[in-house]
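Enquirer: Sequence:
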Amino acid sequence: MPRGATYRELFRIRGFPMLASSVLLARTANQMMQLTLVLFVLQRFHSAPLAGLTVFLGIMPGIVVSPIAGALLDRHGRVRLIIADYLVGALTLALIAGLDAAGRLTPAVLLPIVTVGSLTFSLSNSGARSLIPLIVPKRLWDRSSALDSIAYALTQGAGPALAGALTGWSGARAAMLATAALFLAAIIGIVRVAEPRMTGQPRPILSEAWSGLRYVLLWNRSLRGIAVMVSIMNLGWGILIIAVPVTVLQRLHGDPALIGALWAAFALASVPSALVFGRINTEGRERLVMGVCNLVAAVAVGVLALVMNLWILAAMMVLAGLSNGPFDVAMFSMRQRRTDPAWFGRAFAVSMALNWTGQPVGSALAGPLVGISLAATFAVASTVMVLGAALVPALIPVTEVGRIAPESARQSRRDRPVEESPSSAEQGAG
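Under our numbering, the first residue of the sequence shown carries the number 242, and numbering increases by one thereafter.
Simulated from the structure, these hints should not be mistaken for lab results. Glycine included, every Cβ here is placed at the ideal spot set by N, Cα and C. Among the hints, erroneous ones may be present.
Unchecked claim - Quick list of simulated restraints, FRET-style, between CB atoms: (1) 555 x 432: 35 to 45 angstroms; (2) 517 x 339: 15 to 25 angstroms; (3) 555 x 609: 25 to 35 angstroms; (4) 249 x 328: 15 to 25 angstroms; (5) 321 x 550: 42 to 52 angstroms; (6) 446 x 529: 38 to 48 angstroms; (7) 635 x 433: 41 to 51 angstroms; (8) 357 x 526: 12 to 22 angstroms; (9) 410 x 491: 28 to 38 angstroms; (10) 550 x 259: 36 to 46 angstroms; (11) 410 x 556: 22 to 32 angstroms; (12) 380 x 348: 43 to 53 angstroms; (13) 526 x 628: 41 to 51 angstroms; (14) 496 x 288: 16 to 26 angstroms.
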């Protein structure tokens, strides 16, 4: 183990504790927002297809504009743009709750609000992830990836649990207002994080966005392979976002609190596995870890197509969660290692957006599928996850020969702001 490569050392890096606390609050809010909107639509409009469409529009527009978001992050810095997205999230939820309380909320009003609110999502999601390797030394990347996965798991657990409990106790409007308050609280931490030093002259914003898209899709085989594989996996998870609540409410006769508890069990199960794998150097073994973990998740979901009761559902959610921690550690670390540091903002924005593509599509498909058969819905989710596992060795190369951008990309690098390298960040943290 490299000297000082411990979790404790991470929190000695200037700015990291504040960034971590802010991200934890914001991700909890995002997880609450997603489930709260699903439960709100199911209870208010009694429509699974509308719930799926709401999830789709809450994510897909942000994916479409992600190249521009990445270019903005590299040009204007990350902290102020992350704050802007947190404000948009809070205002979106407050507006939906207010219109519903006034009796003026219809699907035709709800869907445009959700769509506009999604446009800035990449600013915070990609902005926070691309800040980590800029302020954390490379020798601590596996540790930071593990903590990133754990934080995501904790928020995946806490967010749905809070959303389900608040919806069950006080209604969806109260849950939305509580979520908006969390977004505002997240600003308090991130506003104190210093921007990495930037130099150089920016290129036109659309040119930067196009370059980021080309870097991921044409120049970096690893990022392209990760994007295809993870988007296929997320197609299955997008189906589950709708299928699990419908199963609990309609077949198991449960309540929103139970739905939140099941997603919490999934998320919290990934914490110990992420901690263990964070202590292991995954370099060179990322593909094996990702493939095996994908297959385990697919098996867990496949069982639900054959047998369905509360205990089986809970056990399979835990098993899928255990596989999620190591997958995240391996995938996050590979993405950091195989990306030119000068492209972190644009490449991460495009890569993460493409990774998410499958989830809104899966949720949109789940609405009609659950109307046909819940068993068939889980079978479809499992099948696409198996496909994702099978594609890992085919799509992701053993090494990334072209990690540094080709000459045209290097020219872009000279003409644009360049953040501190991880090595300089390490010197500053000493």
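Enquirer: Does each hint hold? Answer for all of them.
Expert: Hints, one by one, checked against the model:
As the Cβ distance of residue 555 to residue 432 is approximately 39 angstroms, the hint placing it in 35 to 45 angstroms holds. For the pair residue 517 and residue 339, the supplied restraint of 15 to 25 angstroms is violated, since their beta-carbon distance comes to about 45 angstroms. Between residue 555 and residue 609 the Cβ separation comes to about 27 angstroms, which falls inside the hinted range of 25 to 35 angstroms. In this structure the supplied range 15 to 25 angstroms is violated for residue 249 paired with residue 328, their Cβ-Cβ distance being about 33 angstroms.
Between residue 321 and residue 550 the CB atoms are about 49 angstroms apart, so this pair conforms to the stated range of 42 to 52 angstroms. About 39 angstroms separates the C-beta atoms of residue 446 and residue 529, a value consistent with the hinted range of 38 to 48 angstroms. The beta-carbon spacing between residue 635 and residue 433, approximately 44 angstroms, falls within the hinted interval of 41 to 51 angstroms. In this structure, residue 357 and residue 526 break the distance hint of 12 to 22 angstroms, their C-beta atoms being roughly 42 angstroms apart.
Hint check: residue 410 to residue 491, Cβ distance near 21 angstroms, so the stated range 28 to 38 angstroms is violated. A C-beta distance of roughly 45 angstroms is found between residue 550 and residue 259, which places it inside the suggested range of 36 to 46 angstroms. Judged by the Cβ atoms, the range 22 to 32 angstroms given for residue 410 and residue 556 holds: they are separated by roughly 27 angstroms. Checking the proposed 43 to 53 angstroms range against residue 380 and residue 348 shows it holds: the Cβ atoms sit about 51 angstroms from each other.
Range check, residue 526 to residue 628: about 22 angstroms between beta-carbon atoms, so the 41 to 51 angstroms window is missed. Look at residue 496 against residue 288: about 19 angstroms separates their beta carbons, and that is inside 16 to 26 angstroms.
Consistency with the previously given hints fails for numbers 2, 4, 8, 9 and 13, ordered from lowest to highest.
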